[in-house]
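**Q** Chain by chain, the residues:
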Amino acid sequence: MNEYFLSILVFSPLLGIAVLALMPKTQEVAIKTVGFLATLPALVLALVAFIGGSDHLKKYDIQIEWIRFGDYEVFDLFKIDYELGLNGFSLVLIVLTAVISTLAAIASVHIKKEWKGYFMLFLLLEVGMLGVFAAQNLILFFIFFEITMIPMFFLIGKWGYFEKEKAAYSYLIYNGLGSAILLIVIMVLFARTGTANYDALAQLMAVENANTVAPFSETLKFGLLIALLIAFGVKLPIFPLHTWMLRVHVQAPPAIVMLHSGILLKIGAFGLIRFGMGIFPEQFKSIAVLLAVLGVVNLLYGAFLAFKQSDFKMVLAYSSISHMGIVLIGLGALNEAGIQGAIFQVVSHGLISALLFFLVGVFYERFHTSTIANLGGMAKGMPLTAGFLLAGALASLGLPGMSGFVSEFMAFLGLFEEMPILAAIGCIGIIITAVYLLRAVLGMTYGKANRDFIAVSDLKSVEFIPVVALLALIILIGVYPSVLSDPLHSTLETIMLGLGG
Amino acid sequence: MSGVPISAYLTLALVLFCIGLYGALTKRNTVIVLISIELMLNAVNINLVAFSKYGMIPSITGQVFALFTIAVAAAEAAVGLAILIALYRNRKTVNIDEMDTMKN
Amino acid sequence: MDLDTLLSYQWGAMAPEFIILGVATILSIVDLFAPKRFDRRILGWIGFAGILAALAALMNLFAVDTVTILYDTFKLDAFAKVFKLLLLIGAALIMLLAIGYRPKEGMEEFKGEFYYLLLAGLLGTMIMSSSGDLITLFVGLELLSLSSYILAGIRKKHLPSNESAMKYIINGSIATAVTLFGMSYLYGITGTTNLAEMTNVLPQLNNSQYSYLMGIAFFMLLVGLSFKLATAPFHMWAPDVYQGAATPVTAFLSVVSKTAGFVILIRMVVIVFSNTQAGATGVDSVTPLLFKLQDFIAVLAGVTMVVGNVIALRQRNIKRLFAYSSIAHAGYLLVAVTSMSVFMFESIWFYLGAYLFMNVGAFAVIQLMTANNDNEDIAQFAGMYKRTPWLAVAMGVFILSLAGIPGTAGFIGKLNIFMGALISEPAHYILAALMIATTVVSYFYYFGILTQMFFRPSPVDGEVEKKKIPVGIGVAIGICVLATIAFGLFPNTALDFFHTNFGGFQ
Amino acid sequence: MENAWIIPLFPLLSFLFLLLFGRRLKENSAYIGMVLTLASLVYSLVVLFERFNHPTYKAEVTWLTIGDVQLTAGFEVNQLNALMLVIVSLVSFLVHTYSKGYMHGDGRFHIFYAYLGLFTFAMLGLVVSPNLLQTYIFWELVGAGSFLLIGFYFYKEEAKAAAKKAFIMTRIGDVGLLIGMILLFWQVGSFEYDAIFQAVDEGAISAGMITLTAILIFVGAVGKSGQFPLHTWLPDAMEGPTPVSALIHAATMVAAGVYLVAALFPLFAASEAALMTIAIIGAFTAILAASIGLVQKDIKRVLAYSTVSQLGYMMLALGSAGYVAGVFHLMTHAFFKALLFLAAGSVIHAVHTQNIEEMGGLWKKLKLTAPLFLIGTLAISGVPLFSGFFSKDEILISTWVHGNTFLFWLAVIAAFFTAFYMFRLFFMVFTGDARSKQKEVHESPSVMTFPMIVLGILAIVAGYVNTPWFGTFLGDWLVADNEALGHGHIEGPAWIMIVATVVSLLGIYLAWLIYGKKSIQRDWLTVRMPLTYNVLYNKYYIDEFYQLTVVKATKGLTAILSFIETFIVEGLVKLVAGIVHGLGIIGSKIQNGQVQAYGTVAFVGLAVLIVIFALTGGYLK
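Residue numbers (our numbering), protein chains in the order written: chain A, 520 to 1020; chain B, 13 to 116; chain C, 2 to 507; chain D, 69 to 689.
Just chain A, with the same shape it has in the complex:
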């Protein structure tokens, strides 16, 4: 059972796809229910693994020979195994994925058309996301990575808003380029070492002039790391590779943005940590300053531009850019506090942006607008929605007691040790974050009511689940961060060992 545990976890949404395929496409409620139910097995299994503790993750490893290029069986080279496994970091992200997927499935009640296709793609997307975090070799990772791309293209392009096709193309091309660069890196590694397994690669790269199929110069390693940075920089996104995600944030249906902003962006951070730090620790050290600078630039750039937006979705989009800056800041710090902060930020932002986008979906459903000026005084008609929105914003701006603070704090804690002046500049971002979030959220919820809220219902029963669940998780992490840091402990130790610190 343990051996197949992860495979079942990752591929369980396929069951839902199969069931959906057999259903007539007109039964809206049934389809939505099945779509929701299909996300549950993964959630349950992920939670089982999480509760099982992070000390016994090895037992979930699975390795089956899959593809073998060339005729080098004797040397055991150029083979791509189907290998899944977990460490603390990926476990945390898998749980996050499963949770947000389930909640996004609930948020999908607002989807208006072609539910069947929607949920089939949705579930496929979930498979991709789960697989990305569970994969144990680069090529498998890449395959899952690309599997996320295609459903996203359709989900944006078909169920999005007015400029959906443009957004879908933006998404496709940017991410296509990102994954193209990633593929080159992967293939260089694979072709020149004959293996794609993370651990094997990490070992090979750690040794100078290791005995590989083709030689590996230090310059090449450095080049590969820079390429990785760009590849994941598109995903994260890092300034100036971010414009695509603005369109996606604005045009995609909110349930999908929950996944996009909550998880897909995190793959960038995951990749940087898992591959950048994991495989090229030596070279990573030399770009740490660059990362930190990029992080600060991201943080400030996103924050200042968020300040100017009139559409709340745009505010959140820029806010995502800004918050991903904190991830970079943490990574750039390259010490335990920083890296842990970055990972925390990954999780925390996932939850917070999912919450905020769910709420966007809630009021967009009712008012068909997300322009801040048109929504003033929402607290009058929809006090609960407004309240949660405010809570989300406070979480996002790093109010202690919520997850955003812990991550922000640790990231800065880390950076201050290494580059205090840069960190101090970055701190301006903390202020601006408060400024733009309050401007936007108070602009929508407080003040004079601009419209008639009489006929509008507040949060409905089913809408409570995601909101409450997300907020509870946000507060749980904020109040008791050990829930997250304990599973991460051993992973961090490994990373720090690789970094030689």
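Simulated from the structure, these hints should not be mistaken for laboratory data.
A virtual CB, placed ideally from N, CA and C, is assigned to each residue, including glycine.
Warning: the hint list may mix true and false statements.
FRET-style restraints, in silico, Cβ to Cβ [said to hold, decoys possible]:
| hint | chain 1 | residue 1 | chain 2 | residue 2 | range |
| --- | --- | --- | --- | --- | --- |
| 1 | A | LYS685 | C | VAL472 | 39 to 45 Å |
| 2 | D | TYR223 | A | VAL567 | 45 to 51 Å |
| 3 | C | GLU426 | A | ALA540 | 46 to 52 Å |
| 4 | B | PRO17 | C | SER275 | 30 to 36 Å |
| 5 | A | PRO543 | C | ALA57 | 42 to 48 Å |
Dock chains B, C and D against the given chain A, drawing on the hints supplied.
**A** Positioned in the frame of chain A, the structure of chains B, C and D alone reads:
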């Protein structure tokens, strides 16, 4: 027999080939174009036969090859003309530069 | 040559060719004598059966060691076997397409020709892949070419078809002439037309004058053959011809003909020139000329990929678009040729196989979608998901595979090519980068088709016409979808087969 | 004392309970809040009395592990904490009680109580924190509570703006605190107060770093305690309900800055420069706010400026090494300022306006409120025998003894101003004729007057815990077993007390002349010195200055960045796309349909290849 060096044959072939190519690429009349192509193929034949006789390792295969080439050239011309006739029925022209309904 | 020698040959090695030849002959005779109202689709089915029989015969031969007969002019080695497999499968699928092909102006009276010319072309490709001699190589090539010329113009009363055939034959003949010219030099320098003998003679030539001549011969051969491959610089005919020709013919040109082109490229160019010295002195005397020419092929590959993908962006005609896409794919394959790594054969074979399924499948769908009104604008695909969901999904799979998305055979193929490009020392980083960059560019037009199919509303709203899919085409599409996905998920079914049967070259 | 951690949890319980079930309880929510804060108060008193006989108690658990470092959470009961616990829970309880009357009839009554609970929880959590990190966490949470309560009337644009302003201005300070705290962490390796003090003591931190971190932490205090230049949010915060002003913006939260400096006093004490900065900022704020208070017309704003001014006093005390004086004034101020606000609330409740020019003659109508207000006024003015007198005196002595002569005289002038504007307020509100159409003015219900009476008593007697006459019990207790905090009582020249008394009486007298007896024209200043008046009335145009500089700069930067976004980032993308597209156009142009052109291209290609081959291969020599 000996007076003429192989380079002369080769040059002749090359010149013929180039003339053929020039014709094939510039003439408006499709029939001329087909004939030019025949020239190019015949240039090859000269090469083959010259090599067969005066090459470094003379052998008969060159001449055999030339025979095949001649046969194929004939077939090509035949097919070419047949297609031209079919085209002419529909298009009422044999000018090659007018066959540009499909482009870009 | 007496009867004994004649009988002493292992003619069994030519069984597939004989079967095809026989069936083609039978078909042409039946077609000639059959009454006008005779349903000639039966001929197609016979042809299909013939190809299957040839396939069976070929499979039977896999156990046999390398056989050479007819004074080394026909050579059944592992290389020939594995590539013939692709050719036969491709031809079989295209035959299914041809059977289901019904253009609006009707072409019942030529239908028979259609089938046996297809077989003749196939025969040409098979001869090419087995030939061990320039002459047979050339004859095979011409058999293919001549059949293709006629096939391109098979829609006699359809102007674009005529025009495409005319363009095809003129460019094709020039290419033939160029190739032949190159071959004549090859013969002149080595004094033989036999490839095996050439590989013996060539290493002994150590005069820089020869290597220069060999270089020129190489370029002429390469450019001449690039016509068949539809790669730069001889690619420009492809869009026009693909557009004008009947759809199954287009599929034939883009799949079988291209495969044959690569077969001959490897058979002749790679083998011959890897045995030629780059020069007389120093390092040159130990490096094969081919390695010196690598950069030239690389440039051609790069140009091909860029041209194919970039111009494809502007196409509205689906077949034209696929022509450019086909050019681009030939460029990818050239990358594999350029890198000349240990993975070269494997990657080219696998990619051609993958390309076969995805492209034939795509053309099958195109044929169905454009059959009604000869309108080949991509807007024809609008709302296809609503009208014919399964067909749309199948097309989606083909397109994703063409775009190289994981889970499909196209992805594994690209992966394999990358490995080759990146393993060699020095690695072809720029070429690999260019390949992947142009792949991303290709997303634009591939996903443009998907956009049409899945996002756009159907132009014929309201009435959802149920298309009747001819059995043959349905089967072909089914096989293609299955193969595309199966080789994407379990590529080792194919790769292991390849390694078992292709222990090595020569 | 071992269970002191439970004190903050009562109000938290109140918050959670009311959030979930408040809607059903309606106005009965008040009882939940009152009972739970009372529980806190009682337990706080128990802890305080225990603390008299027991040493400091501290307990902590691991909160978060970062590598080898364990960040802890816990609580500590030392003298200052115990005292603060009582002050906070007491004022909170009283405000809870008062609000039952004041907020009567408000549709979101239960939300108000929930927020009060949240705030009280955070404030109590803040004062028991044993380390900087935890302090920071609750520090931010009190800010959030304050933000929610200021914006309680969310439908008012002013409330929205004020809430936003309060949050952002304090956050600017918070960032200073955050930076300071993190820098300190990397010096000390811990956030624990004990560890920090020990490091300071051992000289493990360089002097420059001490000054830097101390000043950065002080920046946090500046934001929270409304010190110049981050003071402007506090007067605006008066948009919140009046009980909130009493609790948060008078007695507790704004004093948190003072508390923080006091709690970290050994750190500050180690750097003379830091102390000096604090003293200067404090004194300057005191005089600045007091001068603005002279001319304001809104009853709550006058009180708000007086709060700012008094907080300046406390900072001045701390900056002059007057630890006891600062904490002492913090305590007395909490009582009398809370009293003043509650009384002001009672007035507003009665007349439904906040403009003092529309009030007058309320002495007779508000028989209970008026005397209580007077008590508060006397206390704040530093009239002898009231609590403010003793604490202010301590401050002046500390300043003088520390040698800050100039600051001393500033403080004296500020004391004069204070006396003047407070009595101006008193006279305008309670004496003279009723100026507006106040038809039915009723005294507030007992639920509102009871807290005022309690505070009134405290405003009088609280000063006697630390007097030069009856002993400096508080001071001695506060500094016991900690030398770093200085002495329990600082001896100063006796004339200071006299000067203080004289200036406050002078202020009162002047106010009486103008507003009571009206022997001096009220618009004396307005007419004679319109410029000065306008500057004062417009609060030295500081808000406008910020608007012109910081806000404009931010907007400008935003504009530049959005230019970069549109034209450079997007522009580059468009350029690349354009190039690809352009290549496509050129390519398809070349594809002109002429079959001979195709052949030509192939031939040219061949020729080029051969030529290059010939050239590079060196075959053409």
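**Q** Each hint should be assessed against the structure and marked as holding or not.
**A** Evaluation of the provided hints:
Separated by about 41 Å at the C-beta atoms, A/LYS685 and C/VAL472 satisfy the suggested range of 39 to 45 Å. Our hint of 45 to 51 Å for D/TYR223 and A/VAL567 holds, since their Cβ atoms are close to 48 Å apart. As the Cβ distance of C/GLU426 to A/ALA540 is approximately 48 Å, the hint placing it in 46 to 52 Å holds. In this structure, B/PRO17 and C/SER275 meet the distance hint of 30 to 36 Å, their C-beta atoms being roughly 31 Å apart.
At about 43 Å, the beta-carbon gap between A/PRO543 and C/ALA57 stays in the expected band of 42 to 48 Å.
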